[in-house]
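First to last, the protein sequences are chains U and L. Heads up: the first sequence at position 113 corresponds to 113 in the working numbering, and the numbers run straight through without jumps. Count along the second sequence from 1, add 426, and you get the number used in the working numbering.
Calculated directly from the structure, the hints in this document are not laboratory data. C-beta atoms are modelled at their ideal positions from N, C-alpha and C, and glycine is treated no differently. Each hint should be verified, as a subset may be incorrect.
Said to hold, decoys possible - Just a sample of chain L residues kept apart from chain U, beta carbon distances all over 10 Å, derived:
hint : residue
1    : 443
2    : 458
3    : 462
4    : 595
5    : 631
What the hints assert, rightly or not - In silico SDA-like cross-links for lysine to any residue, where the CA-CA straight-line distance does not exceed 20 Å:
hint : chain 1 : residue 1 : chain 2 : residue 2
6    : U       : 383       : U       : 283
7    : U       : 242       : U       : 352
8    : U       : 242       : L       : 655
9    : U       : 383       : U       : 267
10   : U       : 242       : L       : 435
11   : U       : 242       : U       : 283
12   : U       : 242       : L       : 434
13   : U       : 383       : U       : 242
14   : U       : 242       : U       : 280
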Amino acid sequence: MTGIQDDRRTELLLLLFAALIVGVGSALVCVGMGLPVLQAARGLAVVGAIIAGAMMLDLADPRRDRWLLPIVAVLAGIGFVLLWQLSARDASRQLVWMITGSGIMVAVYYLVEDVRDLARLKYTSGVLAILLVGLTLAFGVEKGGARLWLDVGGLFTFQPTELVKVLMCIFLAGYISERHELLREDTRNVGGFQMPRLRHIAPLVLMVLFALAIFVGQRDLGAAVLFFGLFVAMTYIATGRKAYSVIALVLFAGGAVAAYYSFPHVATRVDMWLNPWLEPTDRGYQILQGLFALAEGGLLGTGFATGGGGAIPAATTDLIFAVGAQQLGLAGAVAIVLLFALATYRSFAIAWQSTDSFGALLAAGLAVVFSLQALVIIGGVIKLIPLTGITLPFVSYGGTSVIVNFIALALLMTISRDCVLHEGER
Amino acid sequence: MDLTIILTIGKYAILVAIYVFVLVVFRGMMRQLAADSRREHAGEAGAGAGSRQIARRRSRVRPAAERAARPEVRPPSREPQAEPRRPVEPPREAEPPVPDIEPAASSVPGPPERRATRIDLLDDPEESSGPQPAVSPEPEPAPVSEPPSSREASSPHLLVLESVDESLDAGERIPLSAAVTIGRSEENSLQVADRFISSRHALVCLRDGRRILVDRGSTNGTFVNGERVEDEVELSEGDRIAVGNTVVEYHAG
């Protein structure tokens, strides 16, 4: 029998383990770059922020998930160590974002009294998501060929797409949990397929199509793929009907082919994926530099603070995985993938154990977003699929990304608090 | 010591440490999940319901589908202010969510009478997987004019008049959620052991606020007040629905 106290101790030990890993990594970076070893405290501060956050969460309600935070601490710590070598300035900012994010996680945990209340905000969050994307399209600031940032009063820029992910999860979970029975059972036979009636599914499809259209217009292909995947996964999870997924995937294949011929930026991505050597110094440059980094890393990597990575475009954000693979090799890259797999598995376990349909769907949606992001960008870096710009959760540099991921983490914590049956409760 | 040697040793140390971490977390997680499911199964075995275990397992495969839609348990009076802006107005949203008032009871496959009794068995110590205090609707400070018991009594339901399935007693009420399927196979929310009933026989669902009975291509047909249902029909208060040798009466509230 393990009680809450045992769980707390396990989590703390794991967090300290994470601190050890990150501390050693930071110390190596300091040694390698000729900095005083005391500077390693900056790396420890990332884990420290999460440990402090964990303790604050327990003050509110200790009945929550115990595994996600340590995993996230390791991922965030490794990300920070990699980032530090690429740009000390960005690393300092990232540290601030991590601390802020951890604080926001605690705030969400306190403010959301019952995660099921969020179900009533489904249309609000749906509209907000569309508004945010629309605003970006209208007033966005362009960086690196994509218009994804909103300038807030000239103070800082903000990337709404990141927030839209969580908002869409809430919308989809709220809408589908209310209608999953109708979506599953009240069907009509269309050419051998049992399709849900239009009146049940139309709002859902409209919303998703609208979001997709905007993302394609915005040239944010990563987000478009993410959204579509989220929609398909959640419909499948709620209805258990494989036919819906098959139809959606056929549509996706058709849409992808159409996009290839009608949008030049889509064609670029695909062409460079098929053969980056067509234009090694131009459009294929990024993916080639990423591949060079992977090759240099080999099986066991070159080690921290050995330079490199600087030549890769967007090394601190989208291609941070390539930098990690260079320094820690295939072994380290696989370890990072395993950490993502563990976090995803745990999130699905929360969904699985949830006694509430909204909580289950929201947890599953967040797990899908988290894992799809990792799949899309890691697959892109290793040239398994076309490279699309998307952040690697908790590892990449980026204020909005870090904060939104912490919000998602807080939501998973509240679901594990509110919807999962705990020991001793009967 | 040479800098390169330190960095190399450090790199190996970190790699080993990360893998140990992954292993520790993985084992710990698995152990906890196993313990959780053992607890759940222990509770079910104690209740002595083998078929419930099946139902339970199925519900775990599709967690969302079988779980109670708790937000809908909330008093209807709080509904309108909660969603001030709606991009698309779903038709059935406008009216009070009466049909969804019954939580877990109706939407779960497996013997429905057991599910139906689940709600009344809140004090049963074995009901570990049933509604627990934290999420059960009762402790909710519900500003509803009527007490929960009368609300339960007035929710839409099917009243069993006769059935060859001995687990369905005459006079039993089967609460209706947004969609209830009737059939012989265990995937149905109302499973009836009657050889004149098809495996997927009929569906009672809510569409635009109207209660619709759909015949899903059954072999022996579905009859409402003695007339065979072609495709689908709207139900009204007191309609007698006959499927196989089972007769139920529809009550809107």
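Results for each hint:
Residue 443/L, annotated as away from the interface, has a beta carbon of chain U within 10 Å; the closest lies near 5 Å. Not every CB of chain U lies more than 10 Å from the CB of residue 458/L, the least distance being 7 Å, so the non-interface label is violated. At the 10 Å boundary, the C-beta of residue 462/L falls inside the reach of chain U, the nearest C-beta of that chain being 7 Å off. Separation of residue 595/L from chain U is adequate, the least Cβ-Cβ distance of about 25 Å exceeding the 10 Å criterion.
A cut-off of 10 Å between C-beta atoms contradicts the statement that residue 631/L is not in contact with chain U; the least separation is 5 Å. At roughly 14 Å between alpha-carbon atoms, residue 383/U and residue 283/U fall within 20 Å of each other, so this suggested pair holds. Between residue 242/U and residue 352/U the alpha-carbon distance is near 19 Å, which keeps this suggested pair within the 20 Å criterion. As the CA atoms of residue 242/U and residue 655/L are separated by approximately 29 Å, the hinted pair breaks the 20 Å bound.
Among the hinted pairs, residue 383/U with residue 267/U is consistent with the structure: their alpha-carbon atoms are about 15 Å apart, no more than 20 Å. Using a Cα cut-off of 20 Å, the hinted pair residue 242/U and residue 435/L is violated, with the two alpha carbons roughly 50 Å apart. A distance of roughly 38 Å separates the Cα atoms of residue 242/U and residue 283/U; the hinted pair therefore is violated under the 20 Å criterion. Under the criterion of a C-alpha separation no larger than 20 Å, the hint pairing residue 242/U with residue 434/L is inconsistent with the structure, at around 49 Å.
Straight-line distance between C-alpha atoms of residue 383/U and residue 242/U comes to about 29 Å, which puts the hinted pair past the 20 Å bound. Note on residue 242/U and residue 280/U: the hinted pairing is violated, with a Cα-Cα distance of about 42 Å set against a maximum of 20 Å.
The structure is inconsistent with the numbered hints 1, 2, 3, 5, 8, 10, 11, 12, 13 and 14, although it conforms to all the rest.
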